[in-house]
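2 protein chains.
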Amino acid sequence: MVGYVKGRIRREDILSAAVAVYGEVGYHGASLREIAKRVGITHAGLLYYFPSKEALLAAVLERRDAADAERERLLGNPGLEVLRSFVALTAHNAQDRGIVDIYSRLAAEAVSPGHPAHDYFKRHYRDARACLVESFQVLARCGQLRDGVDAGQAAVMFIALMDGLQVQWLTNPAEVDMVASVRGFLEYVLAVPLDAEPVTGPAQSTVRS
Amino acid sequence: MVGYVKGRIRREDILSAAVAVYGEVGYHGASLREIAKRVGITHAGLLYYFPSKEALLAAVLERRDAADAERERLLGNPGLEVLRSFVALTAHNAQDRGIVDIYSRLAAEAVSPGHPAHDYFKRHYRDARACLVESFQVLARCGQLRDGVDAGQAAVMFIALMDGLQVQWLTNPAEVDMVASVRGFLEYVLAVPLDAEPVTGPAQSTVRS
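Heads up: the protein sequence lines correspond to chains E and P, in order. Each residue of the first sequence is one higher than the last, beginning at 1 in the UniProt record's numbering. Each residue of the second sequence is one higher than the last, beginning at 1 in the UniProt record's numbering.
It cannot be assumed that every hint is accurate.
Copies of the same chain look alike in the list, so a pair counts if it works inside one copy or between any two.
In silico lysine to any residue, SDA-like type, Cα no more than 20 Å apart, as pairs [said to hold, decoys possible]:
no.	residue 1	residue 2
1	Lys37	Asp195
2	Lys53	Glu24
3	Lys6	Asp177
4	Lys6	His28
5	Lys122	Gly98
6	Lys53	Ala196
7	Lys53	His28
8	Lys122	Ala174
9	Lys122	Glu24
10	Lys53	Arg11
Hints are computed from structural coordinates only; laboratory data are not their basis. Small disclaimer: the values here were computed from a predicted structure and weren't measured.
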């Protein structure tokens, strides 16, 4: 039992050290030896938990996925609630430079199909897009989206904005307000304030009959 | 004379090989030995042109700066002309995956103040922002910017959008249209079509007196 708990703590320590090292030198520049050194264990000791560099990266991304899933459970209903949760996520990220750094670097490294995190990011973008398209479509049906705004295009733009803000903010932290920019974008595309009450049914059905 | 020309060609070859290797393994993962091998010269031969890894990166960025300066000369007047030139730049980038890849990776790597390209990207963002703020301010004075759009915030958002689109496009090329998204954003913030004629003087002065 004690051994099991110690093993879990050691595993978490390795994952946290990996995130730190990726953030400093990128995934490709990171060596298992350096990560083992940070945790204060031998290279062989690390291989007991993670048999390869790819296995360690997969575990780092899985841990992030688990945190995301937990957060998504709290996302709320498609529409204004989901958009507000993205603003909250941005505010959360603005408190954690380390996570934003590793995410931005990995996303940029993983664009090539040969990278071990490529499929993860491909799926990650598709999931985020599907979630946002649904929300913008719901808002359009309720008359809460500005005329002329396309749900699919707004979703791609919103994700791009959030990603691009991260790199710009990491580079010049004092000059970029990520939360204000994300809110600003939503003000451009919404026909109602972000904090408005969600409409319970499609606007058309209230108008008809 | 022949030696001089050969030296310039060799120098250009090394810079191009460096861009290729950075694109594959990142700046931190790139070794001078690997770059020399690509050009078909020895490590010592490469050191004759570029005495260190940092010197080579500086030369790669200087070459990019020179190309940017040439392009900026063609940017046109602050206002719609400048915005149209950013759309044209996006269309140009969409034809050159390699350049977009290396730029995205380097920008994400260089967020930490210790990175040799950090000052370059800090300046790069400031220059782009200053150029865009000026254009949005000119448009606001001419009544060509939508009410409620802040020039400074729109500039940060526009740069973030362009950067974020690149990573998303590199990851899922068939699902992201960079040019359409950049145009779409400008439609959100402009009160006139992007292809409208620029107003010659401030709109207020025609209204007054």
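- Homomeric proximity label, Lys53 with His28: Cα distance no greater than 20 Å: Close inside one copy (9 Å) and across copies (17 Å); limit 20 Å.
- Item | Homo-oligomer pair classification [Glu24, Lys122; C-alpha up to 20 Å] | between (23 Å within a copy, 18 Å between copies)
- Quick one: Lys53 to Ala196, C-alpha cut-off 20 Å, is that within a copy, between copies, both, or neither? Cα proximity of Lys53 and Ala196: none, with 47 Å in one copy and 54 Å across.
- What label fits Lys122 with Ala174 when the C-alpha limit is 20 Å: within, between, both, or neither? between (31 Å within a copy, 12 Å between copies)
- Message: For Lys6 and His28, with the copy left unspecified, which applies at a CA distance of at most 20 Å: within, between, both, or neither?
- Response: The answer is neither: 29 Å in one copy and 34 Å across copies each exceed 20 Å.
- Within, between, both or neither: Lys6, Asp177 at alpha-carbon 20 Å: neither (41 Å within a copy, 49 Å between copies)
- Indicate which option fits the pair Lys53, Glu24 if close means a Cα-Cα distance not exceeding 20 Å: within, between, both or neither. both (16 Å within a copy, 17 Å between copies)
- Query: Given a CA cutoff of 20 Å, do Lys37 and Asp195 count as a within-copy pair, a between-copy pair, both, or neither?
  - Reply: neither (48 Å within a copy, 58 Å between copies)
- Between Lys122 and Gly98, at a C-alpha cutoff of 20 Å, which is it: within one copy, between copies, both, or neither? between (22 Å within a copy, 19 Å between copies)
- Task: With 20 Å as the alpha-carbon cut-off, assign the pair Lys53 and Arg11 to within, between, both or neither.
- Result: Cα proximity of Lys53 and Arg11: one copy only (14 Å, versus 35 Å across).
Of the numbered hints given earlier, the model fails hints 1, 3, 4, 6; all others are met.
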